[in-house]
Amino acid sequence: MLTLSAQLSEEFGTGFSEKNLRRMVQFAEAFPDQQIVVTLSRQLGWSHFVTIIPLDDDLPICSGINAAEK
106 MLTLSAQLSE EFGTGFSEKN LRRMVQFAEA FPDQQIVVTL SRQLGWSHFV TIIPLDDDLP
166 ICSGINAAEK
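Residue numbering for the sequence shown is 106 to 175, as defined by the working numbering.
Since the hints were made in silico from the structure, they are not lab data.
Please read all numbers here as calculations on a predicted model, not as lab measurements.
Where a beta carbon is used, it is the ideal one built from N, C-alpha and C, also for glycine.
Take these hints with a grain of salt, some might be off.
[Claimed, not checked] With beta-carbon atoms standing in for the labels, derived distance ranges:
| id | residue 1 | residue 2 | range |
| --- | --- | --- | --- |
| 1 | A111 | A133 | 15 to 25 Å |
| 2 | T108 | T144 | 25 to 35 Å |
| 3 | F132 | L107 | 30 to 40 Å |
| 4 | Q140 | E115 | 15 to 25 Å |
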């Protein structure tokens, strides 16, 4: 992950720290359905997703999304 972080940072600039890459992987695992991501991304920013990603089951994620929308 550290090597990938360095390569992406060199090619594209900031935002690809090892921590951010791990969050991106968590995000992809938590939201595998692209249509859900498209819908949510219209209303939520990355910081909202970072907040709700650690929640384990679907009900808290939905609650976290509802809270983030308010």
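Cross-check of the supplied hints:
1. A111 with A133: 15 to 25 Å: 21 Å Cβ-Cβ, so the 15 to 25 Å window holds.
2. T108 with T144: 25 to 35 Å: For T144 against T108, whose Cβ atoms are near 34 Å apart, the range 25 to 35 Å holds.
3. F132 with L107: 30 to 40 Å: violated (19 Å)
4. Q140 with E115: 15 to 25 Å: violated (33 Å)
Comparing the model with each earlier hint shows violations of hints 3 and 4; every other hint is respected.
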